[in-house]
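Protein sequence lines correspond, in order, to chains A and B.
If you read the first sequence in full-length UniProt numbering, its first letter stands for residue 1, the second for the next number, and so on.
If you read the second sequence in full-length UniProt numbering, its first letter stands for residue 1, the second for the next number, and so on.
Please keep in mind that the hints were generated in silico from the structure rather than gathered at the bench.
Certain hints may be false.
[Claimed, not checked] Stretches of chain A that chain B covers, calculated by requiring three or more beta carbons in the stretch to come under 8 Å of a beta carbon on chain B:
1) 1-15
2) 28-41
3) 109-116
[Claimed, not checked] Pulled a few chain B residues facing chain A out of the computed Cβ check, cut under 8 Å:
4) Lys-4
5) Met-102
6) Ser-106
[To be verified] Under the rule of at most 16 Å between Cα atoms (straight-line distance), these lysine to aspartate or glutamate pairs were calculated in the EDC-like manner:
7) Lys-110(A) with Glu-31(A)
8) Lys-32(A) with Asp-91(B)
9) Lys-82(A) with Asp-39(A)
10) Lys-110(A) with Glu-94(A)
11) Lys-32(A) with Asp-96(B)
12) Lys-43(A) with Glu-88(B)
13) Lys-32(A) with Glu-94(A)
14) Lys-14(A) with Asp-120(A)
15) Lys-32(A) with Glu-119(A)
16) Lys-82(A) with Glu-31(A)
17) Lys-47(A) with Glu-109(B)
18) Lys-110(A) with Asp-91(B)
19) Lys-110(A) with Glu-88(B)
20) Lys-188(B) with Glu-146(B)
21) Lys-14(A) with Glu-109(B)
22) Lys-14(A) with Glu-101(A)
23) Lys-110(A) with Asp-39(A)
24) Lys-47(A) with Asp-117(B)
25) Lys-82(A) with Glu-64(A)
26) Lys-51(A) with Glu-67(A)
27) Lys-14(A) with Glu-119(A)
28) Lys-110(A) with Asp-40(B)
29) Lys-105(A) with Glu-89(A)
30) Lys-110(B) with Glu-89(A)
Glycine included, each C-beta is placed from N, C-alpha and C at the ideal position.
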Amino acid sequence: MRLFTHNMLSSNIKGVANGFPLRIEAEQVLEKQVDFNPDFLRKLFPKLDWKALVDGARALGYAELPEAADSSMLESEEFLRKVHHALLELHLEEGALTCPETGRKFPVNKGIPNMLLHEDESCGQSNGDFKLHGQSCGYRDLKIGNKCVDRLANHGDANPQRFSPVSQSSWWPCTDVCGLGTARLCLSYLSLS
Amino acid sequence: MSPKTAQIRLVSSHPEVYEPCDDSFALVDALLADRTNIIDHRPRLCLEVGCGSGYVIASLALMLGQELPGVYYFATDINPHALRVTRETLDAHAVDAELMCMDIASGLEKRLAGRVDVMVVNPPYVPTPDYEVGSEGIASAWAGGENGRSVIDRILPVAHRLLSDKGWLYMVTLTTNDPSQICLLMRKKGYASRIVVQRSTEEESLHIIKFWRDSDIQLDTKENVTTNKSVPARAMDSLVSQFPQLSFWRGTNSNCL
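Work the whole structure out from these sequences, hints included.
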């Protein structure tokens with residue numbers, strides 16, 4: 001797993017607000033050379049979370065990146081080569097990623113992070129308005145419609161922290177096209193938080 | 001020289017991992033058919049959801065590799081065995097992708113939102129009882145729940161979230177999945193669609209559908225979809241008419257295994 005990937009990964013455990021960046025525990029780090037592509041790096045740079053990259057690189061034993069960076073530094077080949085090395089050539093082969101909020105560890109074996117959640121950790125995933133009238137879309141444990149209200153109400157009683165910002169954002173689609181019932185549902189859902 | 005795809009003899013395997021089959025070949029054929037368009041499109045990030053044996057992502061990397069160095073490939077699967085097999089398949093073809101074990105793209109949805117230029121999915125589309133969906137091992141590769149739509153219907157909003165403004169989605173569907181309705185769902189979100197490959201085998205009729213954001217599709221808040229070019233009813237007609245055989249082609253519940 002490259003730090004490029006690490007910069008894109010977040011913990012998706014229910015109740016987690018941000019889940020980013022994941023803390024790296026490295027047991028084995030590999031280096032693999034990749035062709036230097038400054039164009040790619042320049043385009044990628046604005047989307048990177050710099051601090052996550054710096055901390056990640058340090059966790060992999062590479063401390064050459066400056067604490068802060070801005071786009072003016074993209075003119076410097078020396079800087080770009082460091083970013084290139086950190087982002088694309090270092091691989092976390094064995095180790096773990098830790099959720100910054102819950103401390104939950106996601107193992108990394110043979111360079112593959114295992115981000116699978118247990119049943120009780122995963123957010124019910126909203127299909128939002130991806131449905132046509134009269135037809136419900138199947139998804140794991142929540143359904144838009146009356147059933148949804150019941151389930152959310154139950155969850156709210158049992159486990160208030162479920163109503164967290166992350167759940168809210170996963171519910172945004174309901175508000176734009178769904179019928180009033182669904183919109184109301186979202187509002188009552190949010191007001192519980 | 002014709003563009004390269006992954007070679008079957010180099011594709012690794014495991015008893016719990018779905019081997020390349022008619023659906024995988026149809027998907028790779030669709031990518032090949034659209035290859036020059038993809039190259040002109042100059043994608044930077046490509047993602048396969050449900051990479052299984054790695055045949056498709058390896059093929060994509062091979063067919064784009066020469067013209068488009070510096071494209072990054074991500075692949076996810078819910079089955080940990082599949083990712084190890086995919087790694088071996090990639091290594092055997094000397095191509096690379098970042099592999100992650102997750103449900104659809106659950107760990108990528110926040111940070112990769114709006115950044116995927118090409119997304120490729122051969123979803124579990126076989127109609128099965130709902131309890132089989134997402135089960136461990138190889139069943140997760142085909143078990144699609146009611147009408148084979150359980151996982152597909154969870155993938156569509158994820159695709160909508162991850163695709164960049166110029167992003168393209170290629171997805172395998174079975175006739176039983178009601179592909180025209182999938183296209184309508186995506187149209188409501190502003191996506192045009194086209195069948196790239198249609199293939200009927202003894203057991204199933206497959207469509208590989210390509211979706212892309214179409215600025216001509218205007219969305220309004222009343223759930224009506226209109227286009228600048230034609231009246232809504234006609235747009236729907238032409239969309240549905242892409243599937244002329246729907247009424248009598250019925251997929252079966254069986255899989256090619």
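Hint-by-hint comparison with the structure:
1. 1-15: Satisfied; 10 residues make the cut.
2. 28-41: holds (count 4)
3. 109-116: Coverage by chain B holds for the region 109-116 of chain A (7 residues, Cβ < 8 Å).
4. Lys-4: Violated: closest Cβ of chain A sits about 19 Å from Lys-4(B), beyond 8 Å.
5. Met-102: The hint holds - Met-102(B) has a Cβ within 8 Å of chain A, the shortest such distance being about 4 Å.
6. Ser-106: For Ser-106(B), the interface hint holds, since the closest Cβ of chain A sits about 4 Å away, which is under 8 Å.
7. Lys-110(A) with Glu-31(A): Roughly 13 Å between the alpha carbons, so the hint for Lys-110(A) and Glu-31(A) holds.
8. Lys-32(A) with Asp-91(B): holds, 13 Å
9. Lys-82(A) with Asp-39(A): holds, 14 Å
10. Lys-110(A) with Glu-94(A): holds, 6 Å
11. Lys-32(A) with Asp-96(B): Judged against 16 Å, a Cα distance of about 11 Å means the pair holds.
12. Lys-43(A) with Glu-88(B): violated, 30 Å
13. Lys-32(A) with Glu-94(A): Judged against 16 Å, a Cα distance of about 15 Å means the pair holds.
14. Lys-14(A) with Asp-120(A): Within the cut-off at roughly 8 Å; holds.
15. Lys-32(A) with Glu-119(A): Outside the cut-off at roughly 36 Å; violated.
16. Lys-82(A) with Glu-31(A): With a Cα-Cα distance of about 13 Å, the restraint between Lys-82(A) and Glu-31(A) holds, given a limit of 16 Å.
17. Lys-47(A) with Glu-109(B): Holds. Lys-47(A) to Glu-109(B) sits at ~14 Å (cutoff 16 Å).
18. Lys-110(A) with Asp-91(B): Given that 16 Å is the threshold and the Cα spacing comes to 13 Å, the pair holds.
19. Lys-110(A) with Glu-88(B): holds, 11 Å
20. Lys-188(B) with Glu-146(B): violated, 22 Å
21. Lys-14(A) with Glu-109(B): Distance ~14 Å between Lys-14(A) and Glu-109(B) Cα, so the pair holds.
22. Lys-14(A) with Glu-101(A): Holds, at about 11 Å.
23. Lys-110(A) with Asp-39(A): violated, 29 Å
24. Lys-47(A) with Asp-117(B): holds, 15 Å
25. Lys-82(A) with Glu-64(A): holds, 7 Å
26. Lys-51(A) with Glu-67(A): Given that 16 Å is the threshold and the Cα spacing comes to 7 Å, the pair holds.
27. Lys-14(A) with Glu-119(A): holds, 10 Å
28. Lys-110(A) with Asp-40(B): Judged against 16 Å, a Cα distance of about 34 Å means the pair is violated.
29. Lys-105(A) with Glu-89(A): Given pair Lys-105(A), Glu-89(A) is violated - Cα atoms ~24 Å apart, limit 16 Å.
30. Lys-110(B) with Glu-89(A): With a Cα-Cα distance of about 24 Å, the restraint between Lys-110(B) and Glu-89(A) is violated, given a limit of 16 Å.
Checked against the numbered hints given earlier, the structure breaks hints 4, 12, 15, 20, 23, 28, 29, 30 and satisfies all the rest.
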